[in-house]
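S.K.: Sequence:
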Amino acid sequence: MSALKTVGLIVAAGISMQVSAADFEFDRPGAGMSTGITPVGKLAWEQALPSASYQESNDASGEKVKTTRLNADMLLRTGLAQDLELQLGWQGPAWSKSKTAGQSVEDDGLGDVSIGLKQAIDLNDDKLSMAVLLQALIATGNDGFSEEDDIYSLGTAVSYQYSELLKTGINMRYDVQNSDWAVTAIPNIQYRLSDQWSGFSELVYRKAESQDNEYGLISGVIYALNERTQLDASVGVDLDGADKSYRAGLGMAFLF
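Per mature numbering (1 follows the signal peptide of the UniProt record, and there is no 0): the sequence shown = residues -21 to -1, 1 to 235.
Among the clues, some could well be false.
What the hints assert, rightly or not - Straight line, CA to CA, 25 Å or less: simulated PhoX-like cross-link-like pairs of lysine-lysine: (1) Lys21 to Lys45; (2) Lys76 to Lys45; (3) Lys223 to Lys78; (4) Lys223 to Lys186; (5) Lys43 to Lys78; (6) Lys21 to Lys223; (7) Lys223 to Lys76.
As the list claims (entries may be wrong) - What follows is a list of derived Cβ distance ranges for each label pair: (8) Glu126 to Asp222: 18 to 26 Å; (9) Leu67 to Asn37: 37 to 45 Å; (10) Asn37 to Asp159: 21 to 29 Å; (11) Leu113 to Asp222: 30 to 38 Å; (12) Asp191 to Glu42: 50 to 58 Å; (13) Gly20 to Tyr131: 22 to 30 Å; (14) Leu107 to Trp74: 17 to 25 Å; (15) Val84 to Leu28: 24 to 32 Å; (16) Leu145 to Glu42: 24 to 32 Å; (17) Leu22 to Leu210: 14 to 22 Å; (18) Glu42 to Pro18: 24 to 32 Å; (19) Ser40 to Leu67: 37 to 45 Å; (20) Gly20 to Gln82: 49 to 57 Å.
What the hints contain is simulated information worked out from the structure, not anything from laboratory work. The C-beta atom is built at its ideal place from N, Cα and C for all residues, glycine as well.
Could you put together the complete structure from these sequences and hints?
M.R.: Here it is in structure tokens:
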């Protein structure tokens, strides 16, 4: 084979691997992300109204501690190219209340911010789509509402449109914080209930370095007011350990 033909084949292979944007989808609700990319010149605003969590645990003296937390996290997404978007996130204003032996302590503050780039991958398949997210969480929040150290992550999402009514997928996320690694896997299923209503369920598995396995279930419903606006509600429960831990959320999302 001539050198010219070899170069031509390499170029053709590179072109065939170029990415193209999938149909737009909001990333909320749920712990994972969609494979969709925000169109160029458009802005997606995804807002919690708020998110809530409740946990029961025991302190060092054996006293039961009940903690409730609310935060209005948000995510802004805008298209930079047909297959590339910029994401700006903020964990938002937050409030917490801890109750131990009849004594309550309340606190409030601001959460961390994040920045990311999400790239769609063209798999040359009408039913199969994929996206990759590079993200940095910057620990700028107040004490008690911050991760304390920056987190750098690589996330992937693969989705398969089984039929008009059913979609399955899996999210993988790899985090590094102060040289400590963690991996999260989120298999999920989405199902259409009607023209405007749909539902989803996720299993969340996380393994952090030197930590026990963590498991959780999240389910919810989505109501599409139109192609540019949706409302959502979800509930979740952690399945690992002796502590009771629950979460819930209401949200809205707009595409401008």
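S.K.: Hint by hint, say whether it matches the structure.
M.R.: Tested hints:
{"no.": "1", "hint": "Lys21 to Lys45", "result": "violated (42 Å)"}
{"no.": "2", "hint": "Lys76 to Lys45", "result": "holds (8 Å)"}
{"no.": "3", "hint": "Lys223 to Lys78", "result": "holds (15 Å)"}
{"no.": "4", "hint": "Lys223 to Lys186", "result": "holds (19 Å)"}
{"no.": "5", "hint": "Lys43 to Lys78", "result": "holds (8 Å)"}
{"no.": "6", "hint": "Lys21 to Lys223", "result": "violated (41 Å)"}
{"no.": "7", "hint": "Lys223 to Lys76", "result": "holds (16 Å)"}
{"no.": "8", "hint": "Glu126 to Asp222: 18 to 26 Å", "result": "holds (20 Å)"}
{"no.": "9", "hint": "Leu67 to Asn37: 37 to 45 Å", "result": "holds (38 Å)"}
{"no.": "10", "hint": "Asn37 to Asp159: 21 to 29 Å", "result": "holds (25 Å)"}
{"no.": "11", "hint": "Leu113 to Asp222: 30 to 38 Å", "result": "holds (33 Å)"}
{"no.": "12", "hint": "Asp191 to Glu42: 50 to 58 Å", "result": "violated (23 Å)"}
{"no.": "13", "hint": "Gly20 to Tyr131: 22 to 30 Å", "result": "holds (29 Å)"}
{"no.": "14", "hint": "Leu107 to Trp74: 17 to 25 Å", "result": "violated (42 Å)"}
{"no.": "15", "hint": "Val84 to Leu28: 24 to 32 Å", "result": "holds (25 Å)"}
{"no.": "16", "hint": "Leu145 to Glu42: 24 to 32 Å", "result": "violated (47 Å)"}
{"no.": "17", "hint": "Leu22 to Leu210: 14 to 22 Å", "result": "holds (18 Å)"}
{"no.": "18", "hint": "Glu42 to Pro18: 24 to 32 Å", "result": "violated (53 Å)"}
{"no.": "19", "hint": "Ser40 to Leu67: 37 to 45 Å", "result": "holds (42 Å)"}
{"no.": "20", "hint": "Gly20 to Gln82: 49 to 57 Å", "result": "holds (53 Å)"}
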